[in-house]
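A.B. asks: Residue strings, one per chain:
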Amino acid sequence: MERTWYWRLALVVGVALWSIWQLVPTWYYFRLPPEARNGPKYEESVPRWAPDSRKHLNLGLDLQGGILLAMGVDVDRAVKAKVARRADEIADFLKDKGVAVASSAPSADGSKIEVRSADAPRAEQVVLDAYGSEMAAPSGAPEGAVWFAFKPSVIKDFQGKAVEQAEKTIRNRVDKWGVSEPDIKRKANNQIQIQLPGFKDPEKAKELLGRTAQLEFKIADDESVVLDPIRSELPACPSTPDGWQLPFPATGCWMLETVELPSGGQRQVTYAAASKRQELEAAIATALRPKIARDQDIGIGEVMVGQGPLKERFYRTFLIRAKTELTGDYISDARPGVDSSKGAGEPVVIFTMSPEGGRLMEKLTTENLHRRMATVLDGKVETAPYIQGKISTNGQITLGSGRNYQEKYQEANDIALVLKAGALPAPVTIFEERTVGATLGPELIRRGAIAALVGLAAVMVFMLLYYRMSGLIADVALVENGLLVLAIMSLLGSTLTLPGIAGFVLTLGMAVDANVLINERIREELRAGKTVRQAVEQGYDKVFWTIVDSHVTALVAAVVLMQYGSGPVRGFAVTLIIGLLASMFTSIVVTRVIINWFTRKDTARLSV
Amino acid sequence: MQFKTFDIVPHGTRFDFVGKRRIAVTLSLLFNLAVILWSLPAIHGLDFGVDFAGGTEMQVRFDRVVDPGEIRRQIEALGFKDASVQTYGPESDHSYLVRVGRISLLTQEDVDRVIGAVKGKFQVQGQPHFSPEVGDKIDFEFVGTPPKHADIRAAVESAGVKVREVREEAGLTAGSRSIAVLTQGIQDRVERELFAKFSGAKPEVLRVEYVGPAVGRELRNQGFKAIIYAMALIVVYVGLRFDFRFSPGVIIAIVHDAIITLGYFAFTGREFNLTSVAVILTVVGYSVNDTVVVYDRIRENVAKLKGKKLADIVNISINETLGRTFLTSFATALSLVGLLVFGVGTIFDFAMAMLIGIISGTYSTWFIAAPMTIWLEERAEAKKKVAASAKAA
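Sequences listed follow chains A and B, in order.
In the numbering used here, each number is its position in the first sequence, counted from 1, plus 9.
In the numbering used here, each number is its position in the second sequence, counted from 1, plus 22.
In case anyone wonders, no lab produced these hints; they're calculated from the structure.
Don't take each hint at face value.
Calculated lysine to aspartate or glutamate pairs in the DMTMM-like style (CA-CA distance at most 20 Å, straight line) [stated by the list, open to error]:
no., chain 1, residue 1, chain 2, residue 2
1, A, Lys165, B, Glu240
2, A, Lys417, A, Glu355
3, B, Lys326, A, Glu533
Note that the structure is predicted; figures quoted are calculated from it, not measured.
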């Protein structure tokens, strides 16, 4: 045999063994009764030599039961709110500028602001000077009044931001309850779709998701030493010279950060971290909570590490003062901006408070100059910047150092969203709700499994009868294909849905297509009088591109479907894509390795 | 040595596919037209599932046989005109799919009546907010301290609208509060009604799906867009890999297959939903495969059989690849057998429509896609001749 053949054989056997090994956690997962699968019993049952126990096949909403929600953002109302806030702001602004204002209120339909003033032309001039980039003054206002309306581009931009904000809030909340494998996606038409497999209580889901986000400002207690003793109770967080080494121990671990103090010095502040939010919460309850004073509290923040698809996250604690100094209700606007006072400019967050909020903010920032102020959204610390100076109605948040301009601008945008989230009145409504009863699950899984097996058996028997030896070889490849698809799906933690099972069956049917093409071509070459070896070589070479073409066209459709589909349909598309990729390997490489072995002599015969 | 095999399609078959193209194209055109006409809402229309039409769908299981007509009558007695009830799964399951066509939103009169009633009792600030896209929620802001939730509920219910929930939310301006009144959805009513009327048969609601009309419309448009995008990408790929001369044939073939697959849903009246879009997309991606095989052979033969007429080359190519185009489709169809036998509801429809799509894909390869290439070629030739003779004259 040729040397490359041994390499190819090693690859084929290697892939088969890897697939089986990768499916070990899935095997143990499905051996347990459904109630025990998502609990600690599963983690314990997986043997030590197996791959990461989290990498198993998941059952989708349709098979496991659970909840699917589509939350719509009522952007209409958000826009009305923005107009109402701006009306208040304009009244204050005009008073500041010494222009007499009788009233400043949104019109009945909420689309524009009507300002009544003894000196309407001057009011118009003053307002447009300040807000001209965002607003225009439409004509048609009655005598003694002037109208202001947002420009359509501003409204459109704002509507987009409103949806982005709502998504952030929802993500944050779902993350907090620790539902396994939640899927949150932004869809067109101002909607956000949330899938919660295994979640049983629709009322609770709606209640938790439908609430308005609460934004609070709290002061970080960096001078306190109460948490230093955790260094003897928890392990230190593992790190390499390049950075943190994730995942962190499940017990939680400690880290140090250098913090500047208002007195001018620096201090190493101890905090705890863990890879999962629940793990950190457990660590807080046992190790941290008992140590803190009554006026102190522990906030949890999220840290992203790495870039792109390798991005990982962990959670960390902040020691903060329990008292809520200020809430987000008082914020009227926030946006990312650039502070050009320093060299090339620094991305910052610019925010505007309502007049009353401005007074509270001024007091707060004067008293806590140079301390860190945590912005807490829904109980999660989003950011903790230093207070650099007195802030009143208009403030800006400077970001920490150590990142490039682009990342900083992105963060400024994120923080602006968080700040505004606190300012927005309940913009989310439930548009769609689907509850799948658990009783539907087992019945459908059983039927799906039988259907898949019957389809597989029919294809295999046909190949064996029609192509005999070559058919048997194709069948072996088909089995490897099935294992490989399931293994890749487990590795990706994919979700198996009922249409997904149909997609799996269909890919097995499509996978044999390649072998039909190859075998038919071999027959044709044999008929033309070639030797078996020649016929096999020619058969594979000549149909190679045909097989690639047919797979690519099917992949194109599957990828479009994945972009479009949601829930079960997406599961189908994912299965189809993985199946098509796997079938390129098994139907060409695997069958060829085996067939080469049988036709290694020039006089070899092959039933095809 | 004589090489012997059993071939489903005997070796050396010479069937004149190109010669039959007129009949085939006419038949296909008529059939496609019939599907399109039948799918038009004005004539018959597709039965859009809850995914696309919006509405509430429930799967209810009873412990004994219940007359589906009786269930429908009870639901229609509640005021839902386009309720539909169908059995779901095997008879022995006593499962029914109850569908209430469209979610009944609050009508504008309802809203006006509620607002009037609340304004009559309390001092309302500004204009209450109602968005028809949301459908069941009205937001009020009050002057001064808002009234008690129970009082608001009583006021709304006095206007004849049942209330599901009254809750407080942040108001339009900073620091203010607003009160949201959520009215009762039809889901609760239908559920309660079924329990009341069929308590003897122990109804059990297994699954409830609720889709707002906005979501449905959006999904439907996106679905059709996705199909068009996939087709365009495939045509571009085939054009780049082969020759853009082949593109018109590919376009016509995949559009044909997509329409025939749609025909399954149009003529059987089975529900057209997200999964149906998935089937059509898969058919579009799969049916090109056969076409690719034949085109590959045409390209090979054009180089090999120089001097022959294109029509003959196409015919020879189709005949030479007849076995494999048939067998690939057959093998894929075989894998669907299990789903056809054991599948219920959506999954059965998936398998059946896929099967029809596969058959249509093979047919269109033989009779439409390849012969279409000749027709276009002949037209191009004729044009050239006309142009040449015009020049000569």
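A.B. asks: For every hint, state whether the structure bears it out.
C.D. replies: These are the hints, each one checked on the structure:
1. Lys165/A x Glu240/B: holds (19 Å)
2. Lys417/A x Glu355/A: The given pair, whose Cα atoms are some 8 Å apart, holds under the 20 Å limit.
3. Lys326/B x Glu533/A: holds (16 Å)
In summary, this structure violates none of the numbered hints.
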